[in-house]
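Residue numbers (the working numbering), protein chains in the order written: chain H, 584 to 695; chain U, 10 to 120.
Hints are computed from structural coordinates only; laboratory data are not their basis.
Since this is a predicted model, take the numbers as computed values, not measurements.
Each hint should be verified, as a subset may be incorrect.
[What the hints assert, rightly or not] Partial list, computed: chain U residues near chain H (C-beta under 10 Å):
no., residue
1, 19
2, 43
3, 95
From the three backbone atoms N, C-alpha and C, an ideal C-beta is built for every residue, glycine too.
One letter stands for each residue in the lines below.
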Amino acid sequence: GAGVSQSPSNKVTEKGKDVELRCDPISGHTALYWYRQSLGQGLEFLIYFQGNSAPDKSGLPSDRFSAERTGGSVSTLTIQRTQQEDSAVYLCASSLARSVQFFGPGTRLTVL
Amino acid sequence: AQRVTQPEKLLSVFKGAPVELKCNYSYSGSPELFWYVQYSRQRLQLLLRHISRESIKGFTADLNKGETSFHLKKPFAQEEDSAMYYCALSGGGAAGNKLTFGGGTRVLVKP
Chain H
584 GAGVSQSPSN
594 KVTEKGKDVE
604 LRCDPISGHT
614 ALYWYRQSLG
624 QGLEFLIYFQ
634 GNSAPDKSGL
644 PSDRFSAERT
654 GGSVSTLTIQ
664 RTQQEDSAVY
674 LCASSLARSV
684 QFFGPGTRLT
694 VL
Chain U
10 AQRVTQPEKL
20 LSVFKGAPVE
30 LKCNYSYSGS
40 PELFWYVQYS
50 RQRLQLLLRH
60 ISRESIKGFT
70 ADLNKGETSF
80 HLKKPFAQEE
90 DSAMYYCALS
100 GGGAAGNKLT
110 FGGGTRVLVK
120 P
């Protein structure tokens with residue numbers, strides 16, 4: 584079957600614009616995670632969805648960042664009023680409950 | 010707080026030589042430790058997890074709770090091992106399954 588997919592693969596935006604990044608997890612995986620990979624900060628956890636439980640948003644860097652997961656499947660990460668420091672590769676991962684996480688190819692975001 | 014430290018940013022070895030990537034962690038409970046690898050232009054993928062106690066692609070890693078380490082070793086490096094390696098920790102329990110990553114070590118295996 585297909586792995587985790589993310590779209591777009593690349594996104595270039597202007598400072599101040601909003602962006603939406605999409606993640607399609609592996610079918611049947613109940614857990615979904617967002618991470619950010621940047622030169623200065625390495626790989627950082629952002630947010631975690633597990634089934635119908637309230638998401639763990641403890642890694643979101645500011646209130647400009649939000650995410651939702653509709654129907655327990657597809658997730659969208661939204662960044663409002665983008666800043667240059669938001670430039671990074673945004674990675675999505677999914678897993679069965681607390682099992683091994685499988686990562687998507689990432690979305691490279693560039694904020695000009 | 011949980012933290013993972015990979016002290017080497019770059020390891021350069023010759024083909025056939027041993028390679029060891031260091032990983033130290035801090036966590037108050039009983040963590041689960043992983044090694045993830047990212048080959049050039051590929052996605053991040055799991056290499057090893059400590060509870061599996063298995064060898065993958067000739068790599069092994071032993072969890073040393075006394076030294077809070079989870080070093081990755083391979084006795085004879087191959088050119089195809091050139092990649093970025095990340096050590097990661099999952100606290101489980103109330104913290105869920107989110108991963109805390111080290112800064113990564115780039116391995117370059119020279120012919």
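Each hint tested on the structure:
Because the smallest distance between the Cβ of residue 19 of chain U and any Cβ of chain H comes to about 15 Å, over 10 Å, the interface hint for this residue is violated. Checking residue 43 of chain U against chain H: minimum C-beta separation of about 8 Å stays under 10 Å; hint holds. About 6 Å separates the beta-carbon of residue 95 of chain U from the nearest beta-carbon of chain H, less than 10 Å, and the hint is met.
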